[in-house]
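Trainee: This is what each chain is made of:
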Amino acid sequence: MLEEGRGRCAMSFLKRFPPPAEGVRHRQPDTEAVLAGRSLGAGTLYIAESRLSWLENSGVGFSLDYPTISLHAVSRDLNAYPWEHLYVMVSAKFEEAETKEAPMAEGEEEEEEEDSDDDTEPIAEFRFVPSDKSALEAMFSAMCDCQALHPDPDDEDSDNDYEGEEYDVEAHELQQGDIPTFYTYEEGLSHLTAEGQATLERLEGMLAQSVSSQYNMAGVRTEDSIREFEDGMEVDIAPVVAGQFEDAEVDH
Amino acid sequence: KERTIAENSLVILLQGLHGLVTTVELRDESAATGRVTNVDAFMNVRLTEVTFTDRQGSVAQLDELFVAGRNVRYVHIPDEGDIR
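Taken in sequence, the protein lines are chains X and G. If you're matching positions, the first sequence starts at 652 in my numbering and goes up one per residue. If you're matching positions, the second sequence starts at 100 in my numbering and goes up one per residue.
None of these hints come from the bench; they were simulated from the model. Computed from a predicted structure; not experimentally measured. Don't be surprised by glycine CBs; every beta carbon is placed ideally from N, CA and C. Any given hint could turn out to be false.
[Claimed, not checked] Here are the simulated distance ranges between beta carbons:
1. His175/G to Ser663/X: 23 to 31 Å
2. Glu101/G to Phe668/X: 26 to 34 Å
3. Val158/G to Glu788/X: 19 to 27 Å
4. Thr850/X to His175/G: 24 to 32 Å
Start from the sequences and build out the full structure, keeping to the hints where you can.
Mentor: Structure representation (structure tokens):
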């Protein structure tokens with residue numbers, strides 16, 4: 652049955668697998684699947700939390716991982732397509748390529764060899780046409796819910812990255828002086844506790860000595876230049892959270 | 100957790116667009132114009148009454164459209180949107 656052409660291209664990505672049993676938010680029997688305008692037959696669509704699966708009545712089908720699904724929609728425009736259906740756009744190639752599940756979408760679409768128009772990422776368009784049109788809303792919603800379960804991991808990090816490299820302006824403006832971030836020399840002095848003050852004096856004393864003996868510790872300049880360029884990153888005079896500036900660019 | 104993400108990023112701007120007609124441009128250069136029904140913390144956008152133009156320029160009307168946040172390139176903020 653797999654090999655049979657039936658007038659269509661070899662659908663080698665179709666595989667036999669058991670229908671999903673867990674987390675099935677919606678199950679729609681009597682649903683035709685269409686890929687790029689070619690019908691794959693009639694079967695059942697399973698909208699499960701882990702993936703979207705469609706199984707032809709014969710038992711073969713395919714699955715799509717939500718991260719590869721760019722968008723989905725309900726189409727009732729009969730001019731565009733003669734039946735109301737659930738439209739699903741996937742960022743992966745599905746022709747003869749063996750791919751069962753497309754790899755993670757972000758920048759991973761080197762699945763296809765040639766033929767992609769001006770090296771844009773490949774997309775595949777699926778249409779799921781249920782015999783019961785009234786189910787489209789539920790199918791759509793179930794997919795929305797499941798997509799929300801698969802947020803883009805990279806994206807999240809970049810959005811919420813508060814790893815300030817140098818100066819946390821916000822924190823400073825909010826007078827969060829408790830969290831030692833970065834102080835100019837003058838400012839820093841007033842923030843020092845008595846203990847900090849003592850430490851500062853001791854360290855400065857040490858520096859004065861080492862300078863006079865022409866000993867150059869890593870990155871330490873003369874005492875004078877330290878006064879001018881008080882820089883929490885290099886000399887631990889001001890209280891600095893350890894390792895906070897590890898990645899920072901040194902030049903200010 | 101979603102709330103933290105929303106409050107700490109510009110997504111909160113988009114959530115002010117509920118009910119407004121907006122154009123969402125996707126990374127693959129297709130675009131969807133419709134009325135915003137929902138934007139979540141991951142920038143997944145749900146639109147209704149949508150005119151969708153695919154990257155080849157073909158236009159289709161869609162009743163409802165969901166775009167995964169990772170595929171959004173731009174969201175146009177309409178003039179009447181209050182993003183304060």
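Trainee: Does each hint fit the structure? Answer for all of them.
Mentor: Going through the hints against the structure:
no.	hint	verdict
1	His175/G to Ser663/X: 23 to 31 Å	41 Å, violated
2	Glu101/G to Phe668/X: 26 to 34 Å	32 Å, holds
3	Val158/G to Glu788/X: 19 to 27 Å	23 Å, holds
4	Thr850/X to His175/G: 24 to 32 Å	55 Å, violated
The structure is inconsistent with the numbered hints 1 and 4, although it conforms to all the rest.
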